[in-house]
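Undergrad: Work the whole structure out from these sequences, hints included.
Each chain, written out:
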Amino acid sequence: MIRPLPSIVDRILDSYRSIGAINHLDGPNLPSRDAVVAIIDDLESVVFPGFRDVGPMDWDELSFSVSERLNRVCRALILELEKCLCFKYRVERDAPCGRAGATSSGSAGPNADSSGGGSESYPRLGECREEAERVTYELLDNLPELRARLKLDVEAAFAGDPASKSREEVILSYPGVEAVLVHRLAHELWTREIPLLPRMMSEYIHGKTGIDIHPGATIGDYFFIDHATGVVVGETTVIGNHVKVYQGVTLGALSVKKEEANTKRHPTIEDRVTIYAGATILGGETTIGADSTIGGNVWITSSVPPGSRIYNRPSDYIVRQRHREEVVDFQI
Amino acid sequence: MIRPLPSIVDRILDSYRSIGAINHLDGPNLPSRDAVVAIIDDLESVVFPGFRDVGPMDWDELSFSVSERLNRVCRALILELEKCLCFKYRVERDAPCGRAGATSSGSAGPNADSSGGGSESYPRLGECREEAERVTYELLDNLPELRARLKLDVEAAFAGDPASKSREEVILSYPGVEAVLVHRLAHELWTREIPLLPRMMSEYIHGKTGIDIHPGATIGDYFFIDHATGVVVGETTVIGNHVKVYQGVTLGALSVKKEEANTKRHPTIEDRVTIYAGATILGGETTIGADSTIGGNVWITSSVPPGSRIYNRPSDYIVRQRHREEVVDFQI
Amino acid sequence: MIRPLPSIVDRILDSYRSIGAINHLDGPNLPSRDAVVAIIDDLESVVFPGFRDVGPMDWDELSFSVSERLNRVCRALILELEKCLCFKYRVERDAPCGRAGATSSGSAGPNADSSGGGSESYPRLGECREEAERVTYELLDNLPELRARLKLDVEAAFAGDPASKSREEVILSYPGVEAVLVHRLAHELWTREIPLLPRMMSEYIHGKTGIDIHPGATIGDYFFIDHATGVVVGETTVIGNHVKVYQGVTLGALSVKKEEANTKRHPTIEDRVTIYAGATILGGETTIGADSTIGGNVWITSSVPPGSRIYNRPSDYIVRQRHREEVVDFQI
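Protein chains in written order, with our numbering: chain A, 1331 to 1662; chain B, 1331 to 1662; chain C, 1331 to 1662.
These aren't lab readings, by the way, just hints derived from the structure by calculation.
Some hints could be false.
The list treats identical chains as interchangeable, and a pair is accepted whether it falls inside one copy or across any two copies.
In silico SDA-like cross-links for lysine to any residue, where the CA-CA straight-line distance does not exceed 25 Å [stated by the list, open to error]:
(1) K1538 <-> L1476
(2) K1588 <-> N1627
(3) K1594 <-> E1523
(4) K1538 <-> L1335
(5) K1538 <-> P1525
(6) K1538 <-> R1363
(7) K1538 <-> G1614
(8) K1587 <-> R1382
(9) K1495 <-> P1358
(10) K1588 <-> G1637
(11) K1538 <-> G1550
(12) K1538 <-> R1382
(13) K1538 <-> R1497
(14) K1587 <-> V1421
(15) K1495 <-> G1546
(16) K1588 <-> G1546
(17) K1587 <-> P1492
TA: Here it is as structure tokens:
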């Protein structure tokens, strides 16, 4: 009655043969979740030196520590990006990466198996690796600019939350700041058309903070998300500068038709807009004009002009009080 | 003034004697959180081969890898399930597991300490272990069927989200898919009346994804949760096929009386229903008819017929614009 | 075109010199996230013996195990608290901890204590360490009282959730219980004016459970948060006894002006109040009177008297049914 384990293993292997689409057995390696976490950890330590690990060091130590981390990130990122690019070219061109058939080169080699015909459409041997290296170096070279922008995000958080006591507290403990950091990194990869890895980064930090920002979203300076949990920012959202968003805010799409995937489906939020907890703003045509305030739980599917203030009508509630067995209705 | 550490330890030990109900010192071992995580990790790797660990392998390697993982899961799961069953019988029958006292057998042995009376109500020595083994083998033997169902969930996610670029992306990074995978495993244990472990599994993935599905919930095929955070699905919920749910949706109970714990307290969602972000549907008598759409933030406590579309009335807001010191009200 | 890694490292080091406020290179060490997690794990194991690790032990083993854990917590907590206090005095007094009497004193010696002039305002050498030790011992000495209070929270969760099957299940798997445990620890440190660490503790458990309770919040006995995700409780909130709160509830501030940071900005919730999912209660002057019930999604910014029941008006929806190509409006 109880099937022995080897027989169960055989049934599972059979199911790998018969149930496709959720196996990944014969393509290139896919990026590793653990590697994503390690890369983010190291980059956080470089971006906010002295916060994520042991503190004060002299400049020599610091130089050594940064070099060590960047070397580690560099190696890991090239490896993971190469997997992403091999996956991308395989899907796009329906050909394994490194397959020859390539342009000029009719040259031999272990992977050279065709000559001519549709040449450009196949990635050269080593092409993915080269592109992975280029993107990695671009990302790392951009870290000083990233730090300059994150400083503004930290300022926005410190200024925007009366409960914050110091910038150190903000950097050590604000999930909104960490999620924006990871988004800005993931967005760099997204704009360079890297598949898989940016979404794995955004989902790692979504799991950690409850903030779900699609790596495609464009976000300006001084962005602050307070309390974090439940915020959703869709792929084609555009957010200006000095925007503040509270927990549970959705910047989403009206339609979910797959054929509209390449249109702008998510709203535009102009400069200096504040969106309070639980508000929902939907649609690619929807623009929240500059200097507007969107109240908590408000639901918006069309544009509002600059300077708007939109709130729920209060007191539209059933209000009853039990008082010495009497029930009276009253207004609040 | 400062009490020395050994004296603090003594006070704590005293409190273990005087403050009961939150100690677990004299019963059987309880299931381990770390073991729960390890079991889920291994089962995910078996269900989605090549996604959670290093990628492409030949069939020999794969066979070896699956055998190794299943062996590990098998050992761990039997151990944890045995703890759960010993706990269950101890609570239900108010007797330690393995206590003899059993019917016919007045036979000796190290744990035989009673003879006759109320015999059936005591678990035999080894009974928990045998049941743990049986349930474990049933669960593992069911993995191919589970894979077939998860393939449908992956399809639903890929088709249901315009932002998804590939099935690989869905499997690698969609929290909704991972939460449904864990739910389907936990529900298998739940239907076999295993206490503790199913809830520990659901809370592990709740913490990771923000999706809180009680293991008792019955969920059909092609189920997709987008954006994940804040979804709550109660114990007696019944969900049909092709249902789509967004972040912050609650399928909950109207009443929270403990004495109603054994009734159906949570709603029924029929086939092809879509429930948008933040909607709340409450009550065991509440049925959302097939092909209905429930708009965002809608609050429902009674049944709606098939084909319903329910939305909040728009523009019931206070809308003001500051414009050159003037404040004007307008409609949106 | 591709900058070599050493040159990238140099640019990053330059950015550490030019972009301030987000570096922490020359102050005292900051508390470590990993240490925070380890301290919480050990304290959970001491508070709920037999739940977080291997189960039943005899009293000798238990005594040994508790001693070992408390020793470890003691060492780690003193270290982290010392960092927090050095940070605090450095910020408050603008002087490194252990620095001599600054100003007047041109006196020698690396830590030369000074005698005269404004001396009190500078921390003595070793003062932070002494205070860290005192606070650590106070916290540990208070653990039996903490256990007595947590027992009441476990009771509230068990009684308040019809789906709960046993107190063991509650302690093993309810995120609301774990978040309250961590809050009660963090609040102890908060009331002793420790910076940084309490917020790191609350954000650790926020990330794990989706419950964001500021360590400054004052919370009475028998407190239960069901389903957890998205709950926000602000810094100056005061919560009475027997209060029950569901997912997505915000107890927040009306104003976010930094200059009002020292006022009571968050509401008061009196005894035996229940607040259903998604309700928002704002403002430091707002009091929810005892024995009140606040319905789901309700938005409250002013006080309500004891015994109030406040619900959204139902059926204010657009309801349509597609039925054989006809669209009919109806009431629910």
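Undergrad: For each hint, tell me whether it holds in the structure or not.
TA: Hint-by-hint comparison with the structure:
no., hint, in the structure
1, K1538 <-> L1476, "within (21 Å within a copy, 28 Å between copies)"
2, K1588 <-> N1627, "between (28 Å within a copy, 24 Å between copies)"
3, K1594 <-> E1523, "within (17 Å within a copy, 48 Å between copies)"
4, K1538 <-> L1335, "neither (36 Å within a copy, 30 Å between copies)"
5, K1538 <-> P1525, "both (21 Å within a copy, 23 Å between copies)"
6, K1538 <-> R1363, "both (14 Å within a copy, 14 Å between copies)"
7, K1538 <-> G1614, "neither (28 Å within a copy, 30 Å between copies)"
8, K1587 <-> R1382, "neither (42 Å within a copy, 30 Å between copies)"
9, K1495 <-> P1358, "between (48 Å within a copy, 17 Å between copies)"
10, K1588 <-> G1637, "between (34 Å within a copy, 22 Å between copies)"
11, K1538 <-> G1550, "within (23 Å within a copy, 28 Å between copies)"
12, K1538 <-> R1382, "both (16 Å within a copy, 19 Å between copies)"
13, K1538 <-> R1497, "both (21 Å within a copy, 23 Å between copies)"
14, K1587 <-> V1421, "within (22 Å within a copy, 52 Å between copies)"
15, K1495 <-> G1546, "between (33 Å within a copy, 12 Å between copies)"
16, K1588 <-> G1546, "within (17 Å within a copy, 33 Å between copies)"
17, K1587 <-> P1492, "between (42 Å within a copy, 6 Å between copies)"
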